[in-house]
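Q: Heads up: the sequence lines are chains A and B, in that order.
Every letter in the first sequence is one number past the one before it in the working numbering, and letter 347, counting from 1, is 347.
One gets the working numbering by counting positions in the second sequence from 1 and adding 372 to each.
By construction, these hints were calculated from the structure, which means they are not laboratory data.
Remember, it's a predicted structure, so these values are computed and weren't measured experimentally.
It cannot be assumed that every hint is accurate.
Claimed, not checked - Partner residues are not named here, just some residues of chain B that face chain A (Cβ under 7 Å, in silico):
id	residue
1	Cys426
2	Leu428
3	Lys451
4	Gln452
5	Tyr456
6	Ser458
7	Lys460
8	Ser462
9	Asp466
10	Phe475
11	Gly478
12	Ile479
A virtual CB, placed ideally from N, CA and C, is assigned to each residue, including glycine.
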Amino acid sequence: MKKLLVILEKEFRQVFRNPAILRMVLVMPVIQLLVFPFAANYEVKNVSLSVVDHDHSSYSQKFINKISGSQYFKLVDYSPSYDKAMRTIESGEADLIVEIPAGFEKALVNENKSSMLIAVNAVNGVKANLGGAYAASIIRDFNAEIRTDWIQFPSFNPQPTINVTSSSWYNPTMNYKIFMVPAILVTLLTMIGSLMAALNIVHEKEIGTIEQINVSPITKVQFILGKLIPFWIMGLVTLTLGLLVSWLFYDIVPVGSLALIYVFGMVFLFTLLGVGLLMSTYAETQTQATFVSFFVMMLFMLLGGLYTPIESMPEWARWITKVNPVAYFIEVMRMIVLKGSTFADVRTDFFSVLGLGIFFNTWAVINYRKRS
Amino acid sequence: MMTDETVIHVDRLTKKFGDFIATNAISFDVVQGEIFGFLGANGAGKTTAMRMLCGLSIPSSGKATVAGFDVYKETEHIKQNIGYMSQKFSLYEDLTVKENIRFYAGIYGMSRSAIKEKMKVLLEQLELSAEENSLVKSLPLGWKQKLAFSVAILHEPRIVFLDEPTGGVDPVTRREFWNLIYEAAAKGITVFVTTHYMDEAEYCDRVSIMVDGVIEALDTPANLKKTYNASSMDEVFLQLARGAKRAAD
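I would like the entire structure built from these sequences, with the hints used as guidance.
A: This is the structure we're talking about:
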């Protein structure tokens, strides 16, 4: 225990003497939290629209006004033919073509039905999907409007309609920032924590001081704990800063208990640092450690449910997320911050992460060899 | 202060890396308080042998005890009883002189008051009192090496292993460094030292010369010169090392 304190004293001195580490822990997360949430925006706005109107009728004009008046679309081109409109998509000017056929209004009035075509540039899948869906919903709206225009007495409406009302629980305004900010905070912790831990032991290997440690009576557990604890504390500082930024700048106050966030954060950092230390016991140089930890971090993040829901991943990928501490913490952070989940709700996740932490840290201790 | 007590006993100690035999069945004894010079060309197997004795490397075969402890099973006991200074510089450059001393003494379990006392004596002896709060990276190499040695024996180990401690150091500082070694030996600390400087070999009580993983000669410098009919240790070394087949690394 006394030896551990000696090691900790030395580690803290080195950290506070290194301005780069302090900047990494204090300044970087704040800047990233201020920038990322605006970039990681799920809403698609300003879809560039090209319209081909073969009808030139009052209804087609009405429709074009409606769609270009919505905040999601921006009318950039008005082409006489579909081929011409296609060219604007090829040049990247437009994302979506709406083609209104000749006789649109006539068919609508006479036959009570008509059709139009939506063609989407699907190079950017997300934009195409959402753009198409928005366009479809505007057309549906338009359709409903015409009906109310025509049918003066809705009670005689021969067509049955189902009116769907939806309400969004836990995030009533569907504000994507409330959803993204807690998750981004987790990924920041992940990047900072694992990389710092991975580089630290390797640095001692490179400068040769690890030999001096290895010929001393320091035990493996003391050595690993001496590395783990300082970064663990710094991780908690980063977490605190992150929560402050989300409160001050995004007005996000966790619905659930702050203490639960910290308890989970402590276990998460323990696990994450274990992964970092494990990597550093294998790597010989800082370059190796950096590359390996980048690879692992990419896996953790892409399979962590930050950008894409885990539920929509294929079976095998979902299995990988079971050993991914980042996936658990992102999920739990969202649950606590948005829903106010209690310990009982996140118990399984808690013990899973704790189990992973014990696993990775034990592995790191075993693999850190004082002898060869 | 040499006694008859054997502190290092090595019997046919061997280390293989695959097919390559780094040290081949070497045997020797070192007594307490002796300054034992461990010579050999680059790649002769000196560092490997030393690492086995320090408990850093597991031998492939053979027997050895250091301070009475077995190098296979009791390495943690060995570590409490030895000091070590490697070729690579072993102090933390981003810590001050004082902090380095405190750290290295602390990990050997020395009490705070004992560290304080020792530190004062040490700093005065090395004339480093004015620099106690300077970062180690700001010191000249010679001072760093002397400090590293003093730190390595601060916990009063029975044996100190020095792996080319004076590499890259000027002759004056080397001389001062050897004075520190003599002082340590006079206090009864056994000094096990590897070196490439043949003038330093002359300072040793006994010298072993390794060639291609084998100890070719082991005796006092005077006897070695007599045996090989040489006027200096330099000549002795050249006669033996010229036969080496291994390329220097």
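Q: Decide, hint by hint, whether the structure agrees.
A: Tested hints:
| no. | hint | result |
| --- | --- | --- |
| 1 | Cys426 | holds, 5 Å |
| 2 | Leu428 | holds, 6 Å |
| 3 | Lys451 | holds, 5 Å |
| 4 | Gln452 | holds, 5 Å |
| 5 | Tyr456 | holds, 4 Å |
| 6 | Ser458 | holds, 5 Å |
| 7 | Lys460 | holds, 3 Å |
| 8 | Ser462 | holds, 4 Å |
| 9 | Asp466 | holds, 5 Å |
| 10 | Phe475 | holds, 5 Å |
| 11 | Gly478 | holds, 3 Å |
| 12 | Ile479 | holds, 5 Å |
Against the hints set out earlier in the document, no violation occurs for any number.
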